[in-house]
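Protein chains in written order, with our numbering: chain A, 1 to 402; chain B, 403 to 804.
Every clue listed holds true.
Only some residues are given here: those of chain B computed to face chain A with a beta carbon under 8 Å:
id : residue
1  : D454
2  : G497
3  : P503
4  : T508
5  : S535
6  : E551
7  : L623
8  : I633
Below, computed lysine to aspartate or glutamate pairings styled on DMTMM-like, alpha-carbon distance capped at 25 Å:
id : chain 1 : residue 1 : chain 2 : residue 2
9  : A       : K162      : B       : E540
10 : A       : K263      : B       : D563
11 : B       : K564      : A       : D166
12 : A       : K162      : B       : D568
13 : A       : K230      : B       : D531
14 : B       : K564      : A       : E256
15 : B       : K632      : A       : D125
16 : A       : K203      : B       : E540
Treat the hints as calculated values from the structure; they're not laboratory data.
Glycine included, C-beta positions come from ideal geometry on N, C-alpha and C.
Number of protein chains: 2
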Amino acid sequence: MFAIICLFLQVKIIMTMKREFSFLFAIICSLNITAQQVSGSESVTLKLTAPDAHQVSVNWQFQDIAMERDSAGCYSVSINGLEPNFYTYYFTVDGIRALDPANPRTVRDLGNIFNYLIIGNGIADLMRDRHVSHGRTEQIWYPTSDGRERRMSVYTPAGYDKSTADYPVLYLLHGSGGDELAWIELGRAVQILDNLIAENVAKPMIVVFPNGNMYQDASPLCYDISINGKIKWSDRNTRLSGKFETAFGDIINFTESHYRVDKSKSSRAIAGLSMGGYHAMHISHFYNQMFDYVGLFSPAIATMYDPNTTNTPNAKLAFPVNEQTPDVYRNVERDLAKQFGSEPKLYYISIGSDDFLYPENVQYRTFLDKNKYPYLYIETTGGHSWDNWRKYLIDFLPRIFK
Amino acid sequence: MFAIICLFLQVKIIMTMKREFSFLFAIICSLNITAQQVSGSESVTLKLTAPDAHQVSVNWQFQDIAMERDSAGCYSVSINGLEPNFYTYYFTVDGIRALDPANPRTVRDLGNIFNYLIIGNGIADLMRDRHVSHGRTEQIWYPTSDGRERRMSVYTPAGYDKSTADYPVLYLLHGSGGDELAWIELGRAVQILDNLIAENVAKPMIVVFPNGNMYQDASPLCYDISINGKIKWSDRNTRLSGKFETAFGDIINFTESHYRVDKSKSSRAIAGLSMGGYHAMHISHFYNQMFDYVGLFSPAIATMYDPNTTNTPNAKLAFPVNEQTPDVYRNVERDLAKQFGSEPKLYYISIGSDDFLYPENVQYRTFLDKNKYPYLYIETTGGHSWDNWRKYLIDFLPRIFK
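Isolated chain A (complex conformation):
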């Protein structure tokens, strides 16, 4: 590996965070990232040495921020008032996206690569790799009843291999455009699980991360699925086709036959974000005696509704059915009645007040209220983002399998 030293890196790779070192470096441009905390509020200074560039900005959490150039061609910006959290960013140099040469930590969202920083303590600590007992993470292929091999990720908790006990299982579903790697890469699910289990805040559990895009056997980074040369990260037709929900038995069967699993209802949970919330909602009423714990994180609910009443909070709930309606959506109200009739231990809904799916979630809760179906509702600030989904996972995990 001697041959791989990058010859063209113009900036020294130096990174520091105040909490992780006992000293601070002098702030020169070669020190690219400096994170500081002033009474609970975090700040970060990002720097890029780019003497030949004409315009440099940083995209910080999807917001472009201009960077100032000094006489030596060092661009910098300080961002203040940050809460402890997991943050993503990238630079734009003369119109072209560039990663931070000072920060080797990157994460993918769809086909885009971002740098990330975990800043501060508290909730941010739960997203870090820490020296606790670790679970195992694997990518495994399961056979489907229609003869395909599809990939999913599976987390088994620390102690699983030494134990002879049966474990509860959480099925954790990604959103539109995600895949079986999304919760692991962007969701920090492995770190969150390791840390909450090590702290005895969450029960040791197996977590299964399926791929909810039925036109894919695995992430498009594995098998290239391109349409006119453009990678197909998501497909509206298949994601709402009911096929994933109907075929979910394949995933449960494989999990329960390949891992030491407690097969009782009280040891099964299903949760998902956005499209995955839609999937979790439908799977849990379709398999209505299977799951004692259901988590809907910023769930997409809209397509359940009569288009005429969408976005009207007090509209009458409707589940229109026509000849094309897939089985799983055919008897939603009847199946929900069966699901709530058997009293799930937790039906959890969380959403941010700025989420564009907020109105249809009001409609859904109105329906649940009207039918006296009990649920736990968590409303946060913020919108439809991983910022919220990581927090919802951290909030949800301690509540299940108790």
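Using the hints, position chain B against chain A.
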């Protein structure tokens, strides 16, 4: 995941390769990658729309190549005469490294992120994800005898979970600066294994990818190990300390107690590249009755020699020992005699003719010849690079466990 659409991507994500599509697109700048084949010789055209940039080049396989700008601000370059292979590249835009917005496929080497393309058929097909039966890949933590938890990757082949058979194990070691992810990320080991096993060219086997850096418990991307703010990808002192070799029993013990393993000598193999070749050489003579198959890919041998004779092909081999010499290096000639006395089925050495480690490998082979220790020697073109290591793995796998 609706919120994560990249707002600032100036170039459409379009990628095509002639072999994977039945048609070719018109070559406009928004079509960034075009791969073509003319009678066995591959070519690739790379394009980047960067109207605000002043200088754009591509670093293709560690070589900088200028790109030409057209009147619309589209930079492009064609590279011809390519063999089928796995290729890495990145752009440099006004002095700053940038990934290709048209290609979401990236791979990490140390802290540097590269785009990659797999071009052509033949050997390149073995590096692709193909629709064959797949093995499982996992990251797992094992306890060490000195009380640490260290991470390794493990591949179990297709059919492992359904079978009740015991499997042979290959321990596959990375080079200096690598970690437990290197063979999986840069080495395409999972794809190569899946494909060769599916073709019945290699035996189904378990492959264990340890972390050979004893100062790390896991990749520095997991636990941040920084010195003065600089991530410590490698450490010369600990990598030649003999600690990894001596403690290798921890890895074997864990593997043989957690997987269904054939524990006979004829079902154990060890191989490694560069520093990993050094490790494999020393581990296999230290545990000299354990491995019937040994693979040294571009191995570092130098430190075995008397410094006075290094790089002199005909120099007398010497294993200098002083008070600080670790146990594992204390009786190298005696242990090699024991190892070869029990007649390993394969002692494999491969190296490129341009490798800077070539002279010391001549010395080592001279020593083996003198002692009539049989080995298989494969010499290729090229140097100390992943290009060769992937090929050596493809060449080595069919030769073991037969």
